[in-house]
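Trainee: Listed below, chain by chain, are the residues.
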Amino acid sequence: MRSIIRLAATLVLGAATTGAIADVAIVNFGTTGYFYGQLGAAATASGPDAFIQCQLSGASLSCGASDQTGASARCSTTDAAVKNMFPMMDKSSIVQVFYDNAGNCTKMAVVNLTRDLRLSSPAGSIKQSVPVSIDAANRIARGSISARPVSPNPDVTHESINCTVRGNSVYECIAVDANSNSVHCLSFRSSAVQTLADQLLAAQAINEYSSVSFTYDAQQLPECTSITVNNASYFGP
Amino acid sequence: MHRIVRFVFAVVLASAALDAASQVTIVDNQFTHYAQGQMNSAAADNPNAYLYCWLYGNGLYCGAADGAGHYASCQTTDPAHKRLFAMIKRYSSVRFFWDPADSSCFLEVTVDSRNLRPRPVPATSKSSSPVFVDATAQYAYGSLAVKPDKPNQDIGCNEQSGFADLYCIAQDDAGNFVWCTTSKDSASQTLADMKLAVAGLNESSMLYFAWDNDPNTPTRTCNFIYVFNASYLLP
Numbered sequence: 000m001r002s003i004i005r006l007a008a009t010l011v012l013g014a015a016t017t018g019a020i021a022d023v024a025i026v027n028f029g030t031t032g033y034f035y036g037q038l039g040a041a042a043t044a045s046g047p048d049a050f051i052q053c054q055l056s057g058a059s060l061s062c063g064a065s066d067q068t069g070a071s072a073r074c075s076t077t078d079a080a081v082k083n084m085f086p087m088m089d090k091s092s093i094v095q096v097f098y099d100n101a102g103n104c105t106k107m108a109v110v111n112l113t114r115d116l117r118l119s120s121p122a123g124s125i126k127q128s129v130p131v132s133i134d135a136a137n138r139i140a141r142g143s144i145s146a147r148p149v150s151p152n153p154d155v156t157h158e159s160i161n162c163t164v165r166g167n168s169v170y171e172c173i174a175v176d177a178n179s180n181s182v183h184c185l186s187f188r189s190s191a192v193q194t195l196a197d198q199l200l201a202a203q204a205i206n207e208y209s210s211v212s213f214t215y216d217a218q219q220l221p222e223c224t225s226i227t228v229n230n231a232s233y234f235g236p
Numbered sequence: 000m001h002r003i004v005r006f007v008f009a010v011v012l013a014s015a016a017l018d019a020a021s022q023v024t025i026v027d028n029q030f031t032h033y034a035q036g037q038m039n040s041a042a043a044d045n046p047n048a049y050l051y052c053w054l055y056g057n058g059l060y061c062g063a064a065d066g067a068g069h070y071a072s073c074q075t076t077d078p079a080h081k082r083l084f085a086m087i088k089r090y091s092s093v094r095f096f097w098d099p100a101d102s103s104c105f106l107e108v109t110v111d112s113r114n115l116r117p118r119p120v121p122a123t124s125k126s127s128s129p130v131f132v133d134a135t136a137q138y139a140y141g142s143l144a145v146k147p148d149k150p151n152q153d154i155g156c157n158e159q160s161g162f163a164d165l166y167c168i169a170q171d172d173a174g175n176f177v178w179c180t181t182s183k184d185s186a187s188q189t190l191a192d193m194k195l196a197v198a199g200l201n202e203s204s205m206l207y208f209a210w211d212n213d214p215n216t217p218t219r220t221c222n223f224i225y226v227f228n229a230s231y232l233l234p
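Top line first, the protein sequences correspond to chains H and Y.
All letters in the first sequence, in the order written, are residues 0 to 236 by numbering that gives the first Met the number 0.
All letters in the second sequence, in the order written, are residues 0 to 234 by numbering that gives the first Met the number 0.
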């Protein structure tokens, strides 16, 4: 098992040192397997629906991929060592996720190399966006970072979503929808549904390929109670 | 140590090409001391403004210049602050407060959907460092976003959860290729700090790594990894 994992790692590293990897690959070894791809270049001209994504929700990191043939794989984990890799996942990173036959993500590797900065997805690639919305009744706000409407002057709309993480382990999130309704929450402790460590990890992983949702309580100055971040190639700008 | 000095010198040269502010704000008065800016538009109003943070040894160092003659910097070894290094990407806003008594940092990093369409920055505000490899002295460095006309150049690292934790490679313009790997502390840097440095790698990065040869194995063991993220290194 260990040698197979090492082999798989060598495959990606070998490819990374000889040429850029542009598409999603899914490889099965029977009882185990792996997939890899890049947020910024998962889809190709021959596989416009290919994608790769990872989402941290609650205490669980789940990752999935679909290649240009439509084959897919997914896994999840609560292993802190794997979850800690999540903030490294960026536009041009090669992300490789190993999984077992029980659907557990067992390892994650992230590669950042010069040559991978030059990749991009072609026109026609799968794209999704989540406009910023605020559900005041259920106290949840969501939106994808890149969903803001295109405008010659971006400041004509106030729609936005953002999160700030501070070095004293405090974070805050703000959402403003297209009608200028807004919500602002802050947290410095675990809630009943998510630990502070997982909340911070999720917030630290936000990038331009993220869809973010956060929940908050009913206080006058709301406290964030959970944050879910889904980094997916199809949420890109 | 001289090789690190050389690398730092390269960084200084890269930043010296920028003598000038705007999206960068520095407030230093009797009430507060902070600097803030956005990586991808630090130089939008003034080509000499810049913002950087680097993970060196066991410390995180941040600095900013507004291009109007004001400069601020801070440093910290607090793990909670160092963990934010991986969040500092091209669309991030960074604000750091410093304590005038000891220059210690209080760091905040924001990712905001509003920052994805920054105003353009002038080409003169940009810089990069070619990939440099010295296999004899056992170190290499360079900016990830090298010039497009240097297709042979490559530098970067791989981090894995679990086995063989870190792996770094560099190839210069002449095709000289070096690599190192590690899964343990070195005499000069802990594995945890090396991993924090690698976690911060992105297109705004300049990477330095050094290695030694383990006499018992053919493995080149990384013993120092240094990542410098700066607004002016963005492509």
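Simulated from the structure, these hints should not be mistaken for laboratory data.
Think of the CB as a built atom: it goes at the ideal place given N, C-alpha and C, for glycine as much as any other residue.
Fair warning: there could be bad hints in the mix.
To be verified - Interface residues of chain H toward chain Y, partial, derived using beta-carbon atoms under 8 Å:
| id | residue |
| --- | --- |
| 1 | Ser91 |
| 2 | Gly102 |
| 3 | Lys106 |
| 4 | Val109 |
| 5 | Thr113 |
| 6 | Leu116 |
| 7 | Ile160 |
| 8 | Asn161 |
| 9 | Leu185 |
| 10 | Ser189 |
| 11 | Ala191 |
| 12 | Asn206 |
| 13 | Pro236 |
Trainee: Please go over all the hints and tell whether each is borne out by the structure.
Mentor: We went through each hint and held it up to the structure:
1. Ser91: This interface hint holds because 7 Å falls under the 8 Å limit.
2. Gly102: violated (17 Å)
3. Lys106: holds (5 Å)
4. Val109: holds (6 Å)
5. Thr113: Constraint on H/Thr113 satisfied, holds at 5 Å.
6. Leu116: It holds, given that the least Cβ distance between H/Leu116 and chain Y is near 5 Å, below 8 Å.
7. Ile160: The hint holds - H/Ile160 has a Cβ within 8 Å of chain Y, the shortest such distance being about 5 Å.
8. Asn161: holds (3 Å)
9. Leu185: This hint is violated: H/Leu185 lies away from chain Y, its Cβ roughly 12 Å from the closest one there, beyond 8 Å.
10. Ser189: Given a least distance of 15 Å, the restraint on H/Ser189 is violated.
11. Ala191: violated (23 Å)
12. Asn206: Since chain Y brings a Cβ to about 6 Å from H/Asn206, closer than 8 Å, the hint holds.
13. Pro236: Hint on H/Pro236: holds, closest Cβ of chain Y at ~6 Å, below 8 Å.
Consistency with the previously given hints fails for numbers 2, 9, 10 and 11, ordered from lowest to highest.
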